[in-house]
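Turn these sequences into a full structure, and let the hints guide you.
If you read the protein sequences in the order shown, they are chains B and E. Going by UniProt numbering, 34 is the number at position 34 of the first sequence; the sequence numbering is gapless. Going by UniProt numbering, 81 is the number at position 81 of the second sequence; the sequence numbering is gapless.
Since the hints were made in silico from the structure, they are not lab data. Small disclaimer: the values here were computed from a predicted structure and weren't measured. Please note that a few of the clues may not be correct.
A pair holds if it fits inside one copy or across any two, identical chains being indistinguishable in the list.
As the list claims (entries may be wrong) - Straight-line Cα separation of at most 27 Å, DSSO-like style, residue types lysine-lysine; simulated pairs: (1) Lys-314 to Lys-49; (2) Lys-265 to Lys-280; (3) Lys-24 to Lys-191; (4) Lys-290 to Lys-167; (5) Lys-205 to Lys-191; (6) Lys-280 to Lys-166; (7) Lys-191 to Lys-206; (8) Lys-291 to Lys-206; (9) Lys-314 to Lys-295; (10) Lys-333 to Lys-20; (11) Lys-20 to Lys-290; (12) Lys-108 to Lys-414; (13) Lys-49 to Lys-108; (14) Lys-333 to Lys-49; (15) Lys-290 to Lys-280; (16) Lys-290 to Lys-314; (17) Lys-206 to Lys-50; (18) Lys-266 to Lys-280; (19) Lys-167 to Lys-314; (20) Lys-83 to Lys-205.
Protein chains: 2
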Amino acid sequence: MSDLQTKASAVKSCVIELSKKTTKQKNDALLLIASELVNQLPFIVEENKKDIASGRENGFHESLIDRLALTEDRIHDMADALKQLIEINDPIGELIDSWERPNGLQIKQVRVPLGVVGMIYEARPNVTVDAASLCLKTGNAVLLRGSSSAIHSNTAIVKVIHDALKKSDLPLDSVHLVEDTSRETASQMFKMNDYLDVLIPRGGKKLIDTVVAQATVPVLETGAGNCHLFIDETAEARMAIDIAINAKTQRPSVCNSIETILVHKKWADKYLEELVLALKNSDVEIRADKKIYAKINGILAATELDWETEFLDKIVAIKIVESTEEAIEHINKYGSKHSESIISEDDSHVVEFMNTIDAAAVYHNSSTRFTDGFEFGFGAEIGISTQKLHARGPMGLPALTSTKYLLYGNGQIK
Amino acid sequence: MSDLQTKASAVKSCVIELSKKTTKQKNDALLLIASELVNQLPFIVEENKKDIASGRENGFHESLIDRLALTEDRIHDMADALKQLIEINDPIGELIDSWERPNGLQIKQVRVPLGVVGMIYEARPNVTVDAASLCLKTGNAVLLRGSSSAIHSNTAIVKVIHDALKKSDLPLDSVHLVEDTSRETASQMFKMNDYLDVLIPRGGKKLIDTVVAQATVPVLETGAGNCHLFIDETAEARMAIDIAINAKTQRPSVCNSIETILVHKKWADKYLEELVLALKNSDVEIRADKKIYAKINGILAATELDWETEFLDKIVAIKIVESTEEAIEHINKYGSKHSESIISEDDSHVVEFMNTIDAAAVYHNSSTRFTDGFEFGFGAEIGISTQKLHARGPMGLPALTSTKYLLYGNGQIK
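Shown next as structure tokens:
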């Protein structure tokens with residue numbers, strides 16, 4: 001058997017045992033993992049250095065090296081995150097609903113683990129701990145498949161997790177890492193419907209698109225955010241500009257940052273130059289439609305491609321619109337249904353925008369940067385779903401669960 | 001543009017308009033469809049005759065001809081089902097949850113339509129009305145793709161639906177039928193991620209497996225039921241036998257009927273012959289393990305394949321087990337995670353069975369035949385999900401919905 005098959009079988013074999021562990025047993029295991037991460041910190045850092053060295057050899061960009069790096073601080077952060085996860089409510093076993101049918105059948109709907117989660121991710125080795133711990137907390141077994149560039153770090157972390165699990169009540173096989181990082185193995189994993197209940201890809205658009213295109217296992221799609229800010233005619237100038245700067249510059253590389261600002265022409269007549277100046281002062285490159293770049297010096301013309309692009313950088317596209325309808329039309333055409341915001345003091349425009357925009361999160365008078373499991377108060381985040389099935393928007397622990405009906409009778413037949 | 005692309009574009013174009021229709025507007029449209037079905041009954045029956053004639057020409061089995069046939073009674077039943085659907089609560093717009101964050105951001109989670117549903121189904125033309133009406137009730141547009149054997153009936157029904165929609169407030173393009181029933185067109189439809197939010201296959205295992213294997217659009221899998229009845233040592237004999245007969249024979253062709261009966265050896269010592277006699281009296285063919293067929297005359301030996309097979313017929317496999325654990329092990333090995341039942345008066349065995357069996361519906365002292373949206377009291381049924389994401393078990397209207405977060409602020413930045 002291949003490494004993949006051996007590990008998939010091992011992970012699957014402990015699903016039932018794991019599903020019956022108590023919250024205390026699961027939390028105790030998480031605490032043991034946190035301790036073991038700190039105990040074995042020098043080992044993890046040493047192994048991580050091997051990945052960094054080969055990254056440098058392969059000419060990785062510094063930003064990629066940074067994502068790969070596991071410093072002492074970062075490992076302590078990982079251990080702290082585990083302790084926070086312990087505090088969060090365990091959704092497993094929750095009674096979602098219960099009722100009685102006229103024939104006397106008692107029906108209960110309860111929350112259960114999904115079973116086996118397949119996690120496919122890129123360079124960041126902290127995802128290894130993150131994914132494993134979220135799965136264990138929700139009673140799921142997990143098959144991890146990280147990238148080859150982080151293989152030493154990931155192998156080390158899983159070794160540490162196994163050392164912790166040996167001391168815990170959870171089965172050792174609850175967590176495994178596929179060490180064969182070839183593309184062929186990944187493609188096989190995408191089609192392991194007999195072993196995996198769900199695949200969660202975490203990484204860039206290309207990875208996610210590949211998984212969606214190839215997988216026969218159901219996928220929880222997280223991903224791209226081509227988000228917009230619409231500044232309506234009646235928007236308060238200071239609020240609109242502050243939110244624009246925050247939503248664009250506070251962390252441009254993440255999915256809930258904005259990529260395009262749509263400005264109502266009447267607001268633009270009064271405040272556009274002020275907005276542009278503020279963006280420039282924050283080192284944001286502006287690509288604007290004709291009405292703007294013709295009027296203001298030093299601004300590039302936006303192309304069709306700019307409306308479609310998630311820049312993930314200090315670049316913003318700006319467009320003048322004539323109405324809320326035009327803003328909505330633009331967003332529903334180019335947006336990725338992630339996070340969209342309207343700044344307005346006009347109730348009817350706000351209602352129209354909130355109801356008509358098709359996105360996971362629609363904001364009024366707020367930055368889009370709050371689309372995040374922690375900011376929503378979930379205490380944990382699996383990712384931000386951009387699909388409509390199962391979970392939409394920031395996903396907390398319940399996104400890693402399914403349900404089951406229990407029916408109690410006394411001889412009912414149909 | 002191909003027929004498929006033209007219709008997919010048309011259906012997608014009305015998603016936003018449709019999502020904003022009120023419950024009354026949607027119910028009025030359903031009532032118009034019900035009336036129009038009855039008004040145009042002779043036309044539908046005429047068109048249906050063409051499908052029946054070519055079915056006969058192609059040597060269809062009588063049971064298939066029966067599935068294809070639209071009699072006057074069946075068309076009246078379709079109209080009545082529409083009227084019942086009107087009475088069911090509209091889930092769209094439901095406030096699922098709302099809370100305030102420490103920064104003052106108000107978060108509301110509301111229920112919204114999925115968008116466009118792609119429905120792939122086999123011979124039964126009544127699915128055309130059923131699928132269209134469930135989608136319209138939940139504010140979804142729907143692209144229908146039935147089988148070539150029912151093309152005249154399906155085209156006629158969609159014509160009738162369009163005639164009704166013309167008189168309604170809903171967009172005509174909310175419902176379209178792909179008239180090109182080639183395999184190539186179906187394969188294209190499976191990958192229309194830009195147009196379809198979900199694919200729902202309804203039909204045999206082969207159809208569902210094909211959709212799961214080929215689709216890149218998320219699939220709501222419904223399907224196979226290899227269901228079991230476990231008669232424990234302490235089972236009341238009369239109850240166990242009545243339930244066995246009901247779960248096997250009341251409608252053998254459906255997914256929630258049982259295929260295997262597991263009998264505790266101590267119960268078998270006393271009552272097995274009685275059970276076998278009852279099954280034989282109901283014309284059920286028995287395939288049993290060695291311990292049984294060696295003892296009782298006229299029973300076939302079960303093969304490995306019998307434990308795996310969904311007979312969908314008056315055939316049952318019987319196995320003697322030594323314990324609840326052995327029953328659970330057999331079910332978790334061979335079952336399709338659909339519906340499983342234990343007949344027992346021993347509380348600890350019942351708890352063990354209900355908690356350990358991994359299935360959509362787990363029963364105590366009841367027939368499995370109740371796994372059904374109507375029997376659960378949902379008032380409608382999209383199908384019975386055998387997957388763990390999005391929906392599990394009988395799916396009512398909420399399975400055709402997604403959610404959206406609405407966030408209200410007063411200038412919040414991160």
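Quick rundown of the hints versus the structure:
no.: 1; hint: Lys-314 to Lys-49; in the structure: neither (31 Å within a copy, 65 Å between copies)
no.: 2; hint: Lys-265 to Lys-280; in the structure: within (20 Å within a copy, 81 Å between copies)
no.: 3; hint: Lys-24 to Lys-191; in the structure: neither (34 Å within a copy, 44 Å between copies)
no.: 4; hint: Lys-290 to Lys-167; in the structure: neither (65 Å within a copy, 44 Å between copies)
no.: 5; hint: Lys-205 to Lys-191; in the structure: both (20 Å within a copy, 18 Å between copies)
no.: 6; hint: Lys-280 to Lys-166; in the structure: neither (55 Å within a copy, 53 Å between copies)
no.: 7; hint: Lys-191 to Lys-206; in the structure: both (18 Å within a copy, 17 Å between copies)
no.: 8; hint: Lys-291 to Lys-206; in the structure: neither (34 Å within a copy, 57 Å between copies)
no.: 9; hint: Lys-314 to Lys-295; in the structure: within (22 Å within a copy, 80 Å between copies)
no.: 10; hint: Lys-333 to Lys-20; in the structure: between (46 Å within a copy, 18 Å between copies)
no.: 11; hint: Lys-20 to Lys-290; in the structure: neither (62 Å within a copy, 34 Å between copies)
no.: 12; hint: Lys-108 to Lys-414; in the structure: within (19 Å within a copy, 41 Å between copies)
no.: 13; hint: Lys-49 to Lys-108; in the structure: neither (51 Å within a copy, 45 Å between copies)
no.: 14; hint: Lys-333 to Lys-49; in the structure: neither (45 Å within a copy, 44 Å between copies)
no.: 15; hint: Lys-290 to Lys-280; in the structure: within (18 Å within a copy, 83 Å between copies)
no.: 16; hint: Lys-290 to Lys-314; in the structure: within (21 Å within a copy, 73 Å between copies)
no.: 17; hint: Lys-206 to Lys-50; in the structure: within (26 Å within a copy, 49 Å between copies)
no.: 18; hint: Lys-266 to Lys-280; in the structure: within (22 Å within a copy, 83 Å between copies)
no.: 19; hint: Lys-167 to Lys-314; in the structure: neither (47 Å within a copy, 51 Å between copies)
no.: 20; hint: Lys-83 to Lys-205; in the structure: neither (31 Å within a copy, 45 Å between copies)
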